[in-house]
Amino acid sequence: MSWLHIAILFPFLFAVFVPLLYKSFTPRIHTGWFVVSVPLFIFIYLFTFIPKISKGHTLYAVVEWLPSYDINFAAYVDGLSLLLGLLIAGIGTLVVIYSIYYLSKHREALNNFYVYLLLFMGAMLGVVFSDNIYVLYVFWEITSVSSFLLISYWYTRERSRYGAQKSMLITVFGGLSMLAGFIMLSMITDTNSIREMFEMVDIIQLHELFIPAMVLILLGAFTKSAQFPFSIWLPDAMEAPTPISAYLHSATMVKAGIYLVARLTPIFGGTYEWFWLVSGIGIITLLYGSLNAVKQADLKALLAYSTISQLGLIMSLLGLGSAALYYGNSTAETSLYAAAIFAGIFHLINHSTFKGCLFMVVGIIDHETGTRDIRRLGGLMHIMPVSFTLTLIGSFSMAGLPPFNGFLSKEMFFTAAANAASMNIFSMEKIGLAIPIIAWIASVFTFVYCMILVFKTFKGKNKLEKLDKHVHEGSIGLLVSPLILGALVIIFFFLPNTVAEYLLKPAFTAVLPTLADTIEVKHISAWHGFNLELFMTLGVIILGSILYVYLKKWYRVYRLYPQAMTLNNLYNFGLEYTQNISRKITDYYMTGSIRHYLVYIFAFIILVVGGSLWLFDGFKIDTSADSPISIYDIGIVTAVFFSAATVLFARNRMAAITAVGALGFLVSFFFVLFRAPDLALTQLVVETVTTALFLLCFYHLPALKEETRRLPFKLTNAVIAIGIGALVTIVALSANGNRMFASISTFYENSYKLAGAKNIVNAILVDFRGIDTMLEILVLSIAGLGVYTLIKLKLVGRGKDEKAE
Amino acid sequence: MKKPNDLLIRSVTKVAVVIIFTFAINLFISGHHYPGGGFIGGLTFASALILLFLTFDMESVRKNIPVDFKVLTAVGVIIAVLTGVGGMILDYPFLTQTFGYFNLPIFGKTELATAVIFDIGVALAVIGTAVTIIMSIGDDR
Amino acid sequence: METMMSILVGVLFAIGIYLILTKTLLRIILGTSILGHGVNLLIITMGGLKKGGPPLLGIKGLSYADSLPQALLLTAIVINFATTALFLVLSYRAYKVLGTDNTEQLRGNENE
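Protein chains in written order, with the working numbering: chain A, 1195 to 1999; chain B, 653 to 793; chain C, 991 to 1102.
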C-alpha cells in the first residue's frame, strides 16, 4: 500500500469522520473548513510528482486484491493521470472553499453534502489513476452514484429527483456497456491491465470483437461526457447546488469520458471507425450544444449547454488527433495531426478553469439576487463589479478572445480542423471540408452566447426593483475561488509554454506513447502571423457580434423546431411507456393469490427437473438391487394408500384429521420395518402430539365446506399434483437405478471408537453432526416462541381490526 | 359448563405419569448405546406433562410446576451452545465432544461423555417447546 | 421393495400437493403434513431398505442399515412437528382475525 493508494483512499477514509465533525462543530465552525484539508493535501502531494513525470518517468504501484481473478488495485501515474489528478484535487479545494460560503451552515445538511463530495473525489481519483479495468469500472460507477446523490441533494424538490434519476439512468447505462466492452477487451488480450494492453494493440485491432468493444466503451464515455444524444442529463443535473455543478458537471466528472477516450487512444486509435465515431459525435455535440445554449433563459442551463458544446470540442480534437496513429512514426502528417491531441489536452485544462470560474460566478449571482433567470437580471455591473470582471474573463476566454487562455486553445482547434480538411485518409477527401465549417459555425454561436452571458446580465437596464433581495457584491469568501481560477485563465495565456512543458507534454506522451519520440510540439504563442486561424477568429467575432446585436430579430427561428421531437420528450415518453408496460405485465401474473404462485413454482419444478432428467438421460430403472417384499409390507402400503385417499375425499374434519393421524402411525410402522428404532419411537410420540394439536386447533375453525370449484380449477390442481407425484417417483427410481458410489455411512460405523457410543444414529446427532442438532433446537425454540406470541399477544396486522373476537 | 366426571382418568394418570416420567429419563440416558436420546426422551417427558394438563386443569398444574417453559427452552439451547464453546476454550474446534472411562464410587467403571450434556440441552429445548405450544393453545379458550 | 416405496411416495406427494392447492386452510395444512410424511419416506428409501440390522453396534450383525438418512430424518420429524404447530396456530389466528379460512378471500397484494 503505497502513499499513492493512501492518497486515493484518503477522501473515502475522511468521509467516515465528516458526520462526527458535523455534529461536534456546527454551528460554530463550518464543516467545510475541515474537509478542505483533504483535496489540499492531495493537491500538494500530486504536485510533487510534476518534476519526475515531466521528465518522462512513470510510477506504478500495486496492491493485491483478488489475485486469482487478476483484479488488483493498480495505480499508475503518468502525465495524463497526473494532469487530471491535479485538476480534481485543485478544483476540489477551490470548490470546497466556495461551498463554505455558499451553503449556509445553519440550514443545510452539511454532513451529507461533504460525505458525498468526498466519495466523489475519491472515486474520481480512482478512475484516473487506476490501471486495472475492473477497478476503473468500480470507481466509475461510484462517481455515477455520488453524482446521483449530489444532484438530488435537495431531495424534497421534484425536479431534483427527476434530474438525479435521469443522470443515473443514462450514465449507469453507459457504465454497464463500458463494462461489457472491458470484458471483451480482457477476453481478447487475456489481461486486465491497460498498460499491458498497449503492448497487444495488433492483436486487438485484428480481432473480431474489436468494433463491438470499441462501440460499447465509447457508449460509456459518451454518456458520461454528455455527448449527443446522451446529453439530456446535463441540463437537468443543474438542480444540484452550484458548487457541485462547478465541480462535477463542468470540471471533473464529465471529463471522465474524455479521459477514457484519451487513455484508450493507443488501443483503438488510427482506425476508421474510431476516427469517425469520436470526431463525428464530438463535432455534432459541439454544434448542438452551442445552438441550444443561445436560447436558454436560465444562466445555469446556458452554462450546461455550453459545457456540452465544449466537451464536444475536446472530444472531436481527440478524435482528429487519433489519425496520427494511422500514419505511424516519422511522417510529416503525424506531427500535424497529433497536434490536435495536444490542443485537446490544453483545452481540457482551460475549460476547467474558465468554466469553473463561470459556474461559481453564476452561483454568486444566484446567491445574491435570488434568481438565475436572465430575463429578470440586468444592469448588475455597477453593483457587482468583481463578478462582472470575472464573468468577462471567463466568457471571453470561452469565446476564444485574447488575452485569455481560451484564445490559444481555440486557435489550435481551428488549426486542427483546417488540417483535417486536407486529410486524404478515412474518406475525408469527400466530406473533410465539413469539419472546419461546422467548427466555425459552432464557434460563432459560442461567441453569441458568451456575449449574452456577460452583457444581458450585467449591462443594460437595471431591473433591481423586480428582485426580492437586497443585491450586493458577493462576499470575499465566495469570490476567492473564482478569482483564483480567473487568474489562472490569464496566467495560462501569458505562460503557456511553462504549462506545456510540465503538464501538457507528459500527458501528450501518455496518450500517444508510440509516437512520443518523433513528435515535436510546436511552441505555443499568441501570434503566428496572419494565417487562416486568425481570419477564422476574426470572422467569428464579426459575425457573432452582428448576430448578438440583432438577437431579437432572428430568435424566432428557434420556435420552428417541433417540441414533440426533442430528445427530452423522447426520454420521458420512453420511460413512462416502459414503466406502464412492466406494471401491466407484472400485475398480470402477480395476482396476490398464493395458489397461483404455488402453481407457478410446481409447474416450473416439473419442467426443469423433468426436462433435465430427460435431456441428460438420467432416467433409469434398475430393480435388480431391490430388497424382497413380504406380505406385511404390502399390507402397510395399502393401508397408507387408503388413509391418504381418505384425507383427499373426506367430507368432515374429524375424518380428515384421523386419517392423517393414522397415516403418521403407519409411517412409524414403516420405520420399524426399515430397521430404524429411534425414528419409530420419535414418530410415534410426535404423531400423538400432532394429532392432539390438530384437534385442539380445529375445534375453533369452521366445518369443512364442500369444495365448490369449477372443473378447470380442479383439473389444473390434479394435473400439477399428478405431475409432481410422477416426477418424484421417477427421480426416486432413477436414483435407485443410478447408484454411482458407495454409501458414506460406513465411516459412522466406527462410532464406538470415535465417540464411545454404540447407537450410531444418536452419535451422529450429538457428536458428528452436532451443529445441525444445535441449529435444530434453535428452530424449535423459535417456533415455540412464535406460537406463544401469536396466541398471547394477539397481534394483528396494520390497519386491520379484530373482527370475530 | 358441567363439571366432567374425571375420576377414571385421574386414577389412571396418577399411576401412569410416574411410569412415563421414569421411562422418559431411561430413554434419555440409554440413548448412548441403545435406541433413545435427547429428542425421544424430551418428547416422552413432554407427553407426560401433556397428560397432566389434560387430566387436571391448567391452573393447578401451573401452580404445582412453577417452571416457565419458555425459559426452559432457552436454557436448553444455551447449554447446547456452551458445550460447544467449552471445547473452544481448550483450543479444539467448536462442538468437539469427548468421552472417557472413569471409576465412580458406586457405579464402578462408567463411561462419561460430554455428549450427554449436549443431549441434556437438546432434551430441555424439546420439552420446553412442546409444552409451550400445548399450553399456549390450551390456554386460549 | 424400493420400487414399491417409490411409487407410494409419488402417490403421497401427489395427494399432498393436490391438497395444498385447494382453497381451504385446513386442507392445506393436512396437505403439508402428508407431504412431510412423503418426504420422510423418500429419504429413508434412498438409503436402501432392509440392507442390514438396525444401526446399533451392540447388536452384532453382518452389516448395518444406512444410519445417515435416519439421523437426518430424526431432525426432520421434530422440525416438521414444530412447524406444523406454528402453521396450525397461524391459521387459527388468521381465522379469528379475518373471519375466513378461504384462501381466495385471504389474497391480496401490499400495494393493491
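These are calculated hints, taken from the structure and not from any lab test.
As the structure is a computational prediction, the values presented were derived from the model and not from experiment.
Note that beta-carbon positions come from the ideal geometry of N, C-alpha and C, so glycine has one too.
Possibly wrong hints are sitting among the right ones.
Part of the chain A face toward chain B, derived, beta carbon under 7 Å [unchecked claim]:
1. D1560
2. G1564
3. V1879
4. N1944
5. Y1946
6. L1948
7. G1950
8. K1952
9. N1953
10. G1964
11. M1968
12. L1974
13. S1975
With a cut-off of at most 30 Å between alpha-carbon atoms, the simulated BS3-like pairs for lysine-lysine come out as follows [said to hold, decoys possible]:
14. K1952/A x K1050/C
15. K1050/C x K1988/A
16. K1947/A x K1041/C
17. K1908/A x K1013/C
18. K761/B x K1947/A
19. K1653/A x K1747/A
20. K1489/A x K1653/A
21. K1778/A x K1013/C
22. K1217/A x K1299/A
23. K1747/A x K1489/A
24. K722/B x K1988/A
25. K1746/A x K1489/A
26. K1908/A x K1086/C
27. K1650/A x K1778/A
28. K1041/C x K1814/A
29. K1655/A x K1746/A
Evaluation of the provided hints:
1. Given hint, D1560/A at the interface with chain B, is violated; its Cβ is 62 Å from that chain's nearest Cβ, farther than 7 Å.
2. Here the hint on G1564/A is broken, as its CB sits about 64 Å from the closest CB of chain B, past 7 Å.
3. The restraint placing V1879/A at the interface with chain B holds, with a minimum CB-CB distance near 4 Å, inside the 7 Å limit.
4. With a cut of 7 Å, the hint placing N1944/A at the interface with chain B is violated, because the nearest CB-to-CB distance is about 14 Å.
5. Against a cut-off of 7 Å between C-beta atoms, the interface hint on Y1946/A is violated, since the closest Cβ of chain B lies about 9 Å away.
6. Checking L1948/A against chain B by beta carbon gives a least distance of about 9 Å; that is not within 7 Å, so the hint is violated.
7. The criterion of a C-beta within 7 Å of any C-beta in chain B is met by G1950/A, whose closest approach is roughly 4 Å, and the hint holds.
8. Given hint, K1952/A at the interface with chain B, holds; its Cβ is 4 Å from that chain's nearest Cβ, closer than 7 Å.
9. For the restraint placing N1953/A at the interface with chain B, the shortest Cβ-Cβ distance is roughly 6 Å, inside the 7 Å limit, so the hint holds.
10. For G1964/A, the interface hint holds, since its Cβ comes within 7 Å of a Cβ in chain B; the closest pair sits about 4 Å apart.
11. Interface hint at M1968/A: satisfied, since its Cβ lies 5 Å from the closest Cβ of chain B, which is below the 7 Å cut-off.
12. Proximity of L1974/A to chain B holds as hinted, the smallest CB-CB distance being about 4 Å (cut-off 7 Å).
13. Below 7 Å, beta-carbon pairs count as interface contacts, and S1975/A has one with chain B at about 4 Å; its hint therefore holds.
14. For the given pair, K1952/A sits about 11 Å from K1050/C by alpha-carbon distance, which is consistent with the 30 Å threshold.
15. Straight-line distance between C-alpha atoms of K1050/C and K1988/A comes to about 55 Å, which puts the hinted pair past the 30 Å bound.
16. Between the alpha carbons of K1947/A and K1041/C the distance comes to roughly 23 Å, so the proposed pair stays at or under 30 Å and holds.
17. In summary, the hint linking K1908/A to K1013/C is supported, as the alpha carbons are separated by about 11 Å, within the 30 Å threshold.
18. Distance hint between K761/B and K1947/A is fulfilled; the C-alpha atoms sit about 17 Å from each other, no more than 30 Å.
19. Distance hint between K1653/A and K1747/A is fulfilled; the C-alpha atoms sit about 20 Å from each other, no more than 30 Å.
20. Taking the CA atoms of K1489/A and K1653/A, the gap is near 19 Å; set against the 30 Å cutoff, the hint holds.
21. Under the criterion of a C-alpha separation no larger than 30 Å, the hint pairing K1778/A with K1013/C is consistent with the structure, at around 26 Å.
22. With a CA separation close to 11 Å, the supplied pair K1217/A and K1299/A stays within the 30 Å bound.
23. The hinted pair formed by K1747/A and K1489/A meets the criterion: a straight-line CA distance of about 13 Å does not exceed 30 Å.
24. Restraint check for K722/B and K1988/A: the C-alpha separation of about 18 Å stays at or below 30 Å, so the hint holds.
25. Distance hint between K1746/A and K1489/A is fulfilled; the C-alpha atoms sit about 11 Å from each other, no more than 30 Å.
26. A distance of roughly 28 Å separates the Cα atoms of K1908/A and K1086/C; the hinted pair therefore holds under the 30 Å criterion.
27. Annotation: proposed proximity of K1650/A to K1778/A is violated, straight-line Cα distance about 50 Å (limit 30 Å).
28. At roughly 21 Å between alpha-carbon atoms, K1041/C and K1814/A fall within 30 Å of each other, so this suggested pair holds.
29. Taken as a hint, the K1655/A and K1746/A pair is honoured in the structure, with Cα atoms around 16 Å apart against an allowance of 30 Å.
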